[in-house]
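Residue numbers (the numbering used here), protein chains in the order written: chain H, 330 to 462; chain G, 544 to 850.
Certain hints may be false.
Computed list of lysine to any residue pairs in SDA-like fashion (alpha-carbon distance at most 20 Å, straight line) [claimed, not checked]: (1) 623(G) <-> 400(H); (2) 727(G) <-> 738(G); (3) 444(H) <-> 664(G).
Hints in this document: simulated from the structure, not taken from any laboratory. Computed from a predicted model, the values in this text were never measured in an experiment.
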Amino acid sequence: MNATSQANRGSRPRMAVGVTGVLLLAACASTPPAPTANLQAAQQAIAAAERGEAARYAPGELSAAHTKLALADSAVTEKRMVVAEHFADQSRAEAELASAKTSAAKANAVNDEMKRSNGTLVDEMKRGSGDKP
Amino acid sequence: MNTTNHSNVIVRRTLIATAVASILLAAACATAPVKPDGAAEARVKLTQLQSDPNLASRAAVAIKDADAAVRTAEQPELNKELAAHRVYLADRKVDTAKALAETRLAEDQRAGLTAQRDSARLDARTHEADTAKIQAESARTEGAEQKLAADQARIQASAAQLAAASSEQQAKELQRQLDVLQAKPTDRGLVLTLGDVLFTTGRADLKPGASGNLDKLVAFLNKYPDRSVAIQGYTDSVGTEDYNQRLSERRADSVKSYLTGQGIGSTRLSALGKGRSDPVADNDSATGRQQNRRVEVIISNPPAALR
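Required output: the full structure, derived from the provided sequences and hints.
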């Protein structure tokens, strides 16, 4: 009897917490949406980044995007849909950052090359005029 | 007692749990004063981006997105996982906006670089053209100089030719003059023989008609002032040697006097009597003797030999 009451004493607060959790979820969030759209968006963002050579210009971000997508997939299989949605969104954000960094790096590389070639042109001209007897 | 106590405990505990749950519930929905960790850092980065004059206007949409994400992240959230998630998204969106703005900036600068490159190329081409022009001008100048030099050389050559022609002409003229004088080139010089027709027999003074021949000599000597003359008188073998010697001297002197009287400097003239020496013909015949009676005017060759 004593043992039973001990057990009862332990399970009741746990029940209360569980109820609280349900209330909590019900209070703030509506039913978690299926993260399918978020997962697809993440996949598309990663594909776009890879097309843009992000592997070369932003390998860290691209790799993080892949990792987050894998975590999202795992969460889906674990039925942790909210977490899955978060990972999917993070994956997409990483992939978009990878794309943006890649464009910036490419644009700057083009400019640097132009600056270099302009400098060479000007230098050559100066040298050319300097050498003239 | 035990049961009552037990149920009391249960009721009390349930009440506590419910209260806690209510508090949690309230806390979950109500605003709490603390911002999630990391939200401030995201805000700082965003503010830097927004206050960068080169970047702020260049990715307006992405920056607005990032701003919204940061504001969401800044909302107090008791759900740590959600709060961290929002901060994560905000951070990445700020970085993304910054990278996009940098891309646009680079693209905008490219127009300037292209203009710079075009200008540099134009300069280079202009410079090349200028250089080519200068070289062409220099070549032209050189050409002109060469032409000038050639012209000068040609002029000099013509001058030399002219001089040569002139000296040739002078030589011809001299020859003509000598021909007029009927002077003969000999080893001693040009010898002009004045026959005895100039003089009355036995006398030293010149016949009035003789001056014509001597005047030609005067003209010649005036024309060639660097020449001097030796006047030598000769006789035939008729008469004594003394007589002939004196006669030849007087006749030579007579010619010299005439020449000085015509303005020829006496320093250029020497007179010498040679008597009956050096006959040019046989004294046995009248014709021979007449040839021997003569005055020879020997015109010295100029310093630079004429012949």
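> Would the pair residue 623(G) and residue 400(H) pass a check requiring their Cα atoms to be no farther apart than 20 Å?
Replying inline: holds, 18 Å
>> Hinted pair, alpha-carbon criterion (20 Å max): residue 727(G), residue 738(G). Please report holds or violated.
In response: holds, 14 Å
>> What's the verdict on residue 444(H) and residue 664(G), does the C-alpha distance respect the 20 Å limit or exceed it?
In response: holds, 13 Å
In the structure shown, no violation is registered for any of the earlier numbered hints.
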